[in-house]
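Based on the hints, put chains B, C and D in the right spot on chain A.
Residue numbers (the working numbering), protein chains in the order written: chain A, 1 to 198; chain B, 1 to 198; chain C, 1 to 198; chain D, 1 to 198.
Heads up, a few of these hints could be off.
Because identical chains share one entry, a pair is satisfied inside a single copy or across any pair of copies.
[Claimed, not checked] Using 30 Å as the maximum straight-line C-alpha spacing, the simulated DSBU-like pairs for lysine-lysine come out as follows:
1) Lys14 to Lys32
2) Lys14 to Lys49
3) Lys14 to Lys134
4) Lys121 to Lys14
5) Lys56 to Lys32
6) Lys32 to Lys134
7) Lys14 to Lys191
8) Lys191 to Lys49
9) Lys65 to Lys134
10) Lys32 to Lys49
11) Lys49 to Lys121
12) Lys119 to Lys191
13) Lys65 to Lys119
14) Lys191 to Lys56
15) Lys134 to Lys49
16) Lys49 to Lys65
What the hints contain is simulated information worked out from the structure, not anything from laboratory work.
Fair warning: this is a prediction, and the values are worked out from it, not measured in the lab.
The chain contents come next:
Protein chains: 4
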Amino acid sequence: MSTIIDQLTDLFAKLPGIGPRQARRFVYYLLKERGGVGARMSHLISQLKSEVSQCKECYRFHVDKSCRICVDPNRSQTSLMVVLNDADLESIERAHVHDGQVFVLGGYVSLLEDEKTGKPKYARLTELTARIGKMHQLTEIILAFAANQDGDHTAYYLRDYLMQPGLTITTLGRGLSTGSELEYADADTIKSALLGRH
Amino acid sequence: MSTIIDQLTDLFAKLPGIGPRQARRFVYYLLKERGGVGARMSHLISQLKSEVSQCKECYRFHVDKSCRICVDPNRSQTSLMVVLNDADLESIERAHVHDGQVFVLGGYVSLLEDEKTGKPKYARLTELTARIGKMHQLTEIILAFAANQDGDHTAYYLRDYLMQPGLTITTLGRGLSTGSELEYADADTIKSALLGRH
Amino acid sequence: MSTIIDQLTDLFAKLPGIGPRQARRFVYYLLKERGGVGARMSHLISQLKSEVSQCKECYRFHVDKSCRICVDPNRSQTSLMVVLNDADLESIERAHVHDGQVFVLGGYVSLLEDEKTGKPKYARLTELTARIGKMHQLTEIILAFAANQDGDHTAYYLRDYLMQPGLTITTLGRGLSTGSELEYADADTIKSALLGRH
Amino acid sequence: MSTIIDQLTDLFAKLPGIGPRQARRFVYYLLKERGGVGARMSHLISQLKSEVSQCKECYRFHVDKSCRICVDPNRSQTSLMVVLNDADLESIERAHVHDGQVFVLGGYVSLLEDEKTGKPKYARLTELTARIGKMHQLTEIILAFAANQDGDHTAYYLRDYLMQPGLTITTLGRGLSTGSELEYADADTIKSALLGRH
Numbered sequence: 001m002s003t004i005i006d007q008l009t010d011l012f013a014k015l016p017g018i019g020p021r022q023a024r025r026f027v028y029y030l031l032k033e034r035g036g037v038g039a040r041m042s043h044l045i046s047q048l049k050s051e052v053s054q055c056k057e058c059y060r061f062h063v064d065k066s067c068r069i070c071v072d073p074n075r076s077q078t079s080l081m082v083v084l085n086d087a088d089l090e091s092i093e094r095a096h097v098h099d100g101q102v103f104v105l106g107g108y109v110s111l112l113e114d115e116k117t118g119k120p121k122y123a124r125l126t127e128l129t130a131r132i133g134k135m136h137q138l139t140e141i142i143l144a145f146a147a148n149q150d151g152d153h154t155a156y157y158l159r160d161y162l163m164q165p166g167l168t169i170t171t172l173g174r175g176l177s178t179g180s181e182l183e184y185a186d187a188d189t190i191k192s193a194l195l196g197r198h
Numbered sequence: 001m002s003t004i005i006d007q008l009t010d011l012f013a014k015l016p017g018i019g020p021r022q023a024r025r026f027v028y029y030l031l032k033e034r035g036g037v038g039a040r041m042s043h044l045i046s047q048l049k050s051e052v053s054q055c056k057e058c059y060r061f062h063v064d065k066s067c068r069i070c071v072d073p074n075r076s077q078t079s080l081m082v083v084l085n086d087a088d089l090e091s092i093e094r095a096h097v098h099d100g101q102v103f104v105l106g107g108y109v110s111l112l113e114d115e116k117t118g119k120p121k122y123a124r125l126t127e128l129t130a131r132i133g134k135m136h137q138l139t140e141i142i143l144a145f146a147a148n149q150d151g152d153h154t155a156y157y158l159r160d161y162l163m164q165p166g167l168t169i170t171t172l173g174r175g176l177s178t179g180s181e182l183e184y185a186d187a188d189t190i191k192s193a194l195l196g197r198h
Numbered sequence: 001m002s003t004i005i006d007q008l009t010d011l012f013a014k015l016p017g018i019g020p021r022q023a024r025r026f027v028y029y030l031l032k033e034r035g036g037v038g039a040r041m042s043h044l045i046s047q048l049k050s051e052v053s054q055c056k057e058c059y060r061f062h063v064d065k066s067c068r069i070c071v072d073p074n075r076s077q078t079s080l081m082v083v084l085n086d087a088d089l090e091s092i093e094r095a096h097v098h099d100g101q102v103f104v105l106g107g108y109v110s111l112l113e114d115e116k117t118g119k120p121k122y123a124r125l126t127e128l129t130a131r132i133g134k135m136h137q138l139t140e141i142i143l144a145f146a147a148n149q150d151g152d153h154t155a156y157y158l159r160d161y162l163m164q165p166g167l168t169i170t171t172l173g174r175g176l177s178t179g180s181e182l183e184y185a186d187a188d189t190i191k192s193a194l195l196g197r198h
Numbered sequence: 001m002s003t004i005i006d007q008l009t010d011l012f013a014k015l016p017g018i019g020p021r022q023a024r025r026f027v028y029y030l031l032k033e034r035g036g037v038g039a040r041m042s043h044l045i046s047q048l049k050s051e052v053s054q055c056k057e058c059y060r061f062h063v064d065k066s067c068r069i070c071v072d073p074n075r076s077q078t079s080l081m082v083v084l085n086d087a088d089l090e091s092i093e094r095a096h097v098h099d100g101q102v103f104v105l106g107g108y109v110s111l112l113e114d115e116k117t118g119k120p121k122y123a124r125l126t127e128l129t130a131r132i133g134k135m136h137q138l139t140e141i142i143l144a145f146a147a148n149q150d151g152d153h154t155a156y157y158l159r160d161y162l163m164q165p166g167l168t169i170t171t172l173g174r175g176l177s178t179g180s181e182l183e184y185a186d187a188d189t190i191k192s193a194l195l196g197r198h
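Just chain A, with the same shape it has in the complex (with noise of 0.2 Å):
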């Protein structure tokens, strides 16, 4: 039978990153910290799902009444990003870049799922499709997706799903981000650079 440490060691070696030597040290900070660390978090993860709402327009988790974004007058109803995830999205909204709507998708529809069963698992696209239904004055949905495979692929699979006459699909800009060097540059990326001057 295992410990109650051990217990803990697992369940904390299941957060993204965290192997079991360090889930073992979370345990020993907790034995030992004198703060109430322990029982706040422990108060904050039981009451985490019941505080947090999933909005039914974005997806996005929010802690408000009603989701910031999707109620928010100032932004334009023509345009809609679909992102992965809300840390992509916070990424984005700290940027300021973007003033329309926003969709989170939920997962990836990866080459090998795709092939394998034809039907995503991970990605929202009933709703996706369900809430592009409803914005009457779109007129552009941009992919926001990792330069990667699962994000190409991701991107080339819903440009097909989504497309219909006077909707424009976009996906973001490739080329040099910040800090590249030429030099070790890859031959996309600098022809992504060079397409993409200004």
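Okay, now just chains B, C and D, sitting in the frame of chain A:
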């Protein structure tokens, strides 16, 4: 007023080695997971301190009725190994090399605090003295500390503090640790390795 | 008096990215090898500057009678790409994306030296002006510099310095480079990626 | 036909730890530099083997008329330290801990080659035996090898190979090397550190 997402992010960021970004990813993981990880984590954290005892003899944390190490009649009463914390103790127990008694010091005697206050803040010196006073067959205290400045200073401090007739105080041997190459070894390590040749 | 081993170590330590320790290992490698590497290396280094020419038009190094790029009749005379050095130029040639003329600037115009002296030290500005003066069909200068402070400042400086009627001066597009994830992208990169969407 | 730039890149890529990309940067550095680095480097490389001797006693490389270590009358004749190569020997000399004789083995006896051929390929075993035969006051051979598999196997092999009455054969002590923490130490290192306590 900060949200529960921000508050929980701040708490997770107190865990050893965790920055605000990874802490935030923990929160999103808990919001998204459907397997009851959060519920169990909250429960186990709330029970942790009440289910785990700190041994009154060696100060290690344990979940059994009494400390497995301190009540073991097969372990020798002639030697006492002093370690910094439970993680170091686990590492030593896994190596199956010490069959005497143990004591968890709880903190190093840092050179700085020693000079400033003359009184170590986290090291359980009073408790260690009491423990030694009860060990009538004790002949050797092994100071098993890290091979760095704090570990060295604590050993230096304790050699003086604990010295008494009939008692040998030792520190761990230095030398090449597994995988070390001579070209990159520092002079102290080479010196120790040569002195400790066999 | 330093030995030949020390002297050669010091010279190898001048190579880009090489510290004294690795430089010393180069010397021992040459002392030990039996395959004639040292003899060939010594010979080739001694011949290097005489066998390699620097093109009087684009200032790239080349071993052919005349510069393969500058004499190529299939390359367009309407665009000129300015790069920092030969390594960057090779990276761009490998990508097969630019079929116009090229110019190796030789050094960035750093913000600091610009302010101090008002006169860039390593950038071949006079030579660049002369080259542009001879390109009668030229319509676009592409400044292909790294996405960092020196690259940006050099582009800023040259846009002003080279400006003339009928000439477009462009810089490489910024955006997500291959492999980038949105969560970790900086605001500038996100902004560029969104502006450059397509 | 490859160019001198490609040929020299290939040669530089043979240097320990250097890949083709960094090798190419060395070539460009030499093409660009104006301080005579290339000329001196070429000259010193060409002179290296003729100006550096390998001691017929200890097989270290040296530039003096005779080997500074072997002719030193103050160094003891009772102990002989066997090391892998000149870099390891320099590291030990810098630590000023060994005042006996030395011998550079030149290569480890790898487990694999030992099993396959029964005959080490790079280790100077015949030369080592000859050297030992001439040291009439010798009482200890110190095998100063890396704390890894090849170092261990070579020590295991030599203990047997060199064994003779009146001769002690030792290996370097293992333990915590400078900076090591107990939590991350492997069981072997902990065991050695405890056995070597003092």
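Hints, verified against the model:
1. In this assembly of identical chains, the alpha carbons of Lys14 and Lys32 lie at most 30 Å apart whether taken from the same copy (22 Å) or from different copies (13 Å).
2. With identical chains, the CA atoms of Lys14 and Lys49 are at most 30 Å apart both within one copy (18 Å) and between copies (21 Å).
3. Taking the shortest Cα distances, Lys14 and Lys134 never come within 30 Å of each other, neither inside one copy (38 Å) nor across copies (43 Å).
4. In this assembly of identical chains, the alpha carbons of Lys121 and Lys14 lie at most 30 Å apart only when taken from the same copy (21 Å versus 35 Å across copies).
5. In this assembly of identical chains, Lys56 and Lys32 lie within 30 Å of each other by CA distance solely across copies; the values are 15 Å between and 42 Å within a copy.
6. Proximity of Lys32 and Lys134 under a CA criterion of 30 Å is satisfied inter-copy only: 26 Å between copies versus 53 Å inside one chain copy.
7. Taking CA atoms no more than 30 Å apart as the test, Lys14 paired with Lys191 passes in neither setting, with 40 Å inside one copy and 32 Å between copies.
8. Proximity of Lys191 and Lys49 under a CA criterion of 30 Å is satisfied in neither setting, with 45 Å inside one chain copy and 33 Å between copies.
9. Only within a single protomer do Lys65 and Lys134 lie at most 30 Å apart by alpha-carbon distance; the minimum there is 22 Å, versus 62 Å between protomers.
10. For the homomeric pair Lys32 and Lys49, the shortest alpha-carbon distances inside one copy (28 Å) and between copies (9 Å) are both at most 30 Å.
11. Only within a single protomer do Lys49 and Lys121 lie at most 30 Å apart by alpha-carbon distance; the minimum there is 22 Å, versus 40 Å between protomers.
12. In this assembly of identical chains, the alpha carbons of Lys119 and Lys191 never lie at most 30 Å apart, being 33 Å within a copy and 33 Å across copies at closest.
13. For the identical chains of this complex, Lys65 and Lys119 are neighbours neither inside a copy (34 Å) nor across copies (53 Å), given an alpha-carbon limit of 30 Å.
14. With identical chains, the CA atoms of Lys191 and Lys56 are at most 30 Å apart between copies only, with a shortest distance of 27 Å across copies and 40 Å within one.
15. In the homo-oligomer, the alpha carbons of Lys134 and Lys49 lie at most 30 Å apart inside one protomer (28 Å), although the nearest pairing across protomers, at 52 Å, exceeds that limit.
16. In the homo-oligomer, the alpha carbons of Lys49 and Lys65 lie at most 30 Å apart inside one protomer (14 Å), although the nearest pairing across protomers, at 36 Å, exceeds that limit.
This entry does not satisfy hints 3, 7, 8, 12 and 13, going by the numbered hints stated previously.
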